[in-house]
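S.K.: Listed here are the chains, written in short residue letters.
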Amino acid sequence: MNVDKRPVIFIILATLSILVGTLATTFIPLFVGTTTPSIANVIPYKPLELEGRDIYIREGCNNCHTQTVRPLPFETARYGSYSMLEESAIDRPHLWGSKRTGPDLAHVGRKYPAVWHTMHLKNPRSMYPDSNMPAYPWLADRNLDTRYTEKKMKVLGYPYTAADMKALQGKTEMDALVAYLLRLGKELRQ
Amino acid sequence: MPQENTYDYRAVKGFAISSLFWGVVGLLIGILISLQLVYPQLNFTSWLTYGRLRPIHTNALIYGFTIPAAFSLFFYLVQRLGRAPLAFPGLAQVTLYVFNIAIVLAALSLFAGMNTSKEYSELEWPLDIGVVVLWVMFSINIIGTIMKRREEQMYVSLWFILATVVGVAIVYIGNNLGVPVSWFKSYSIYAGANDANVQWWFGHNAVAFVFTTLPLAVFYYILPKATGAPLYSHRLSIIGFWSLVFAYLWTGAHHLVYTPLPDWIQTVAIAFSLFLIAPSWASVINGYGTMNGQWEQMRSNYLVKFIVMGITFYGLQTLQGPSQAVRAFSALIHYTDWVPGHVHMGTMGWVTMTISAGFYYMLPRIYKTELYSVKLADLHFWLVLVGQLIYSVTMWITGIRQGAMWQAVNPDGSLAYPNFIQTLTPNYPFWNMRAAGGVIFFAGFLVFVYNIAQTIRQAPQRRPS
Numbered sequence: 001m002n003v004d005k006r007p008v009i010f011i012i013l014a015t016l017s018i019l020v021g022t023l024a025t026t027f028i029p030l031f032v033g034t035t036t037p038s039i040a041n042v043i044p045y046k047p048l049e050l051e052g053r054d055i056y057i058r059e060g061c062n063n064c065h066t067q068t069v070r071p072l073p074f075e076t077a078r079y080g081s082y083s084m085l086e087e088s089a090i091d092r093p094h095l096w097g098s099k100r101t102g103p104d105l106a107h108v109g110r111k112y113p114a115v116w117h118t119m120h121l122k123n124p125r126s127m128y129p130d131s132n133m134p135a136y137p138w139l140a141d142r143n144l145d146t147r148y149t150e151k152k153m154k155v156l157g158y159p160y161t162a163a164d165m166k167a168l169q170g171k172t173e174m175d176a177l178v179a180y181l182l183r184l185g186k187e188l189r190q
Numbered sequence: 191m192p193q194e195n196t197y198d199y200r201a202v203k204g205f206a207i208s209s210l211f212w213g214v215v216g217l218l219i220g221i222l223i224s225l226q227l228v229y230p231q232l233n234f235t236s237w238l239t240y241g242r243l244r245p246i247h248t249n250a251l252i253y254g255f256t257i258p259a260a261f262s263l264f265f266y267l268v269q270r271l272g273r274a275p276l277a278f279p280g281l282a283q284v285t286l287y288v289f290n291i292a293i294v295l296a297a298l299s300l301f302a303g304m305n306t307s308k309e310y311s312e313l314e315w316p317l318d319i320g321v322v323v324l325w326v327m328f329s330i331n332i333i334g335t336i337m338k339r340r341e342e343q344m345y346v347s348l349w350f351i352l353a354t355v356v357g358v359a360i361v362y363i364g365n366n367l368g369v370p371v372s373w374f375k376s377y378s379i380y381a382g383a384n385d386a387n388v389q390w391w392f393g394h395n396a397v398a399f400v401f402t403t404l405p406l407a408v409f410y411y412i413l414p415k416a417t418g419a420p421l422y423s424h425r426l427s428i429i430g431f432w433s434l435v436f437a438y439l440w441t442g443a444h445h446l447v448y449t450p451l452p453d454w455i456q457t458v459a460i461a462f463s464l465f466l467i468a469p470s471w472a473s474v475i476n477g478y479g480t481m482n483g484q485w486e487q488m489r490s491n492y493l494v495k496f497i498v499m500g501i502t503f504y505g506l507q508t509l510q511g512p513s514q515a516v517r518a519f520s521a522l523i524h525y526t527d528w529v530p531g532h533v534h535m536g537t538m539g540w541v542t543m544t545i546s547a548g549f550y551y552m553l554p555r556i557y558k559t560e561l562y563s564v565k566l567a568d569l570h571f572w573l574v575l576v577g578q579l580i581y582s583v584t585m586w587i588t589g590i591r592q593g594a595m596w597q598a599v600n601p602d603g604s605l606a607y608p609n610f611i612q613t614l615t616p617n618y619p620f621w622n623m624r625a626a627g628g629v630i631f632f633a634g635f636l637v638f639v640y641n642i643a644q645t646i647r648q649a650p651q652r653r654p655s
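Going down the list, the sequences are from chains V and H. Throughout the first sequence, residue numbering follows the working numbering, covering 1 to 190 in sequence. Throughout the second sequence, residue numbering follows the working numbering, covering 191 to 655 in sequence.
Source of the hints: derived by calculation from the structure; they are not laboratory data. Do not take every clue at face value.
Distance ranges between label pairs, derived from CB positions [as the list claims (entries may be wrong)]:
id : chain 1 : residue 1 : chain 2 : residue 2 : range
1  : V       : L23       : H       : Y640      : 43 to 53 Å
2  : V       : P137      : H       : S490      : 50 to 60 Å
3  : H       : Q484      : V       : Y128      : 50 to 60 Å
4  : H       : K558      : V       : L13       : 33 to 43 Å
Simulated pairs of lysine to aspartate or glutamate, EDC-like, Cα-Cα distance not exceeding 20 Å [stated by the list, open to error]:
id : chain 1 : residue 1 : chain 2 : residue 2
5  : V       : K166      : V       : E150
6  : H       : K338      : H       : D198
7  : V       : K5        : H       : E342
8  : V       : K5        : H       : E341
9  : V       : K171      : V       : E150
10 : V       : K122      : V       : D141
11 : H       : K203      : H       : E560
12 : H       : K338      : V       : D4
13 : V       : K171      : V       : D145
Note that beta-carbon positions come from the ideal geometry of N, C-alpha and C, so glycine has one too.
Construct the complete structure from the given sequences, taking the supplied hints into account.
M.R.: Printed below as a string of structure tokens:
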């Protein structure tokens, strides 16, 4: 049988060829414990942290910053302990990134206080004159949009209290982003 | 056999022009973001920051330049290779309009910061649905025309076209499954390591089906046409095709080497990445074999220059890629500028050169004219070649440099460059050179667009009787 004379059979065979590797490397891992760890130790996102994470995504911070520390000596010497599956277990989407134009941020929340982040985001060059990071002063001028916060928490299945939601009042986008950055590296209950 | 005038080339023309237009836009943004990395004051306002523009650069050149180039070339190839007119010419026209509206909306939404963060598929869910609808409309015409073909045997280009049709659909839908919270925001259905694994299964197979099978379909058609020599080995193309479409899907996790993703998935991906050298080089060997006794044409035939230089960069790309997957080398270059250097050899060298050869061959024929200027085509060739080499080589050098600085330790074991910025600023002279390479490449692309525009404009006068 010449498959190059039978387009329907050709398409079926090509689809099957594509699906073998797909199922083996992406579908099966969804049901394997080593890829899908227990989330018992993961501290869920607070609404303010989640909104900050969405601003991190909106501004495309992941284009220049990774959030995964490799298990290599020079890497842990720079960024602290190497990343573990549990740390990103509830993250939708993941934000591991693929390029370090700036440093890895997986544990940046352990490193600096809130005021450092605010100053740095407003003008990175006030702290590092040769930095090439864009300045984000306008985040401090914009009120946080909380219209969808509750729906987001429900869709992602994160628990929240009325006090958590109330804490959003009067917050700026800067506050939310800094709250998110401060959480990085503190995902797990000790 | 149908007469030439029963073929429908309206959508072929429309998509070719759309592709060139969005190509110029995508390259301009590329030059701007390359300069922003050295001159941060060029981040003028929120919607012109690097973080928002970088996805617009990649999306414009993947979905705005490469995909419509494929729509154009594939609508031509299925008609010529099947000796049958396009199955649904009206649908093809609708596809053209919907496509351009979707690209405008895509650009606007990314400027506004609406993105899923997933690399190379950043568009939010309403536009994802738009992309899928467009792909279905495109596929109906491709498959419908192949079903109606009068040439019984499907030439190898048609196999690569069918693989592109199926492959893009599977990986695009698989990666973009999400739960909407509003019209402008959704969350991936996958979490953590699984989300990363699915993302790079998509990411690497966007390379497989947009940057590999797509230009290969064009390559296998243009090479014998341009050289006038028969394809070196039909059997080699059969083996190469099936092993390529089988093996590619296993390799995505080589983007996740040394991440928390389980080692077995990484190792399987690395092994299959090394295997991929074989089917990739099947096409390279087929190209060089076809050139046997024809190498003089590298001097005299502008189409051959583009197609053979293109397959050469494909060959280099498919040796460099697997070597990057190996853990020892990944540890040095991963997350550095080496990687954009690698990607741009593939896109600026292989993909763009092959699409250029396709347009240079096809457009004068469907406008029933001759190319406006072979001299300008030669100039275009040298500018994009030199521009791409400057780009890639400077990025490889600075990537290795930065990777080595990250690893460097003092005799007491402490980091030699503990402050990240010490390893960043030495990039700046290289990034300036990279921007210069990009400008040279862009100049070559403008020559290309001008040459095509003049060819089309002069078509009625220069029509051979």
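S.K.: Are the hints correct? Go through all of them and say.
M.R.: Verification of the supplied hints:
1. L23(V) x Y640(H): 43 to 53 Å: Roughly 48 Å apart at Cβ, these two residues keep to the hinted range, so it holds.
2. P137(V) x S490(H): 50 to 60 Å: holds (59 Å)
3. Q484(H) x Y128(V): 50 to 60 Å: holds (56 Å)
4. K558(H) x L13(V): 33 to 43 Å: holds (39 Å)
5. K166(V) x E150(V): Satisfied, since the Cα-Cα distance of roughly 11 Å is no more than 20 Å.
6. K338(H) x D198(H): holds (14 Å)
7. K5(V) x E342(H): holds (6 Å)
8. K5(V) x E341(H): Given pair K5(V), E341(H) holds - Cα atoms ~9 Å apart, limit 20 Å.
9. K171(V) x E150(V): Holds - the C-alpha atoms of E150(V) and K171(V) are around 16 Å apart, at most 20 Å.
10. K122(V) x D141(V): Holds: K122(V) and D141(V) sit about 11 Å apart, inside 20 Å.
11. K203(H) x E560(H): holds (15 Å)
12. K338(H) x D4(V): holds (15 Å)
13. K171(V) x D145(V): Since the Cα atoms of K171(V) and D145(V) sit roughly 9 Å apart, the hinted pair holds (cutoff 20 Å).
Every hint, counting from the list given before, is met by this structure.
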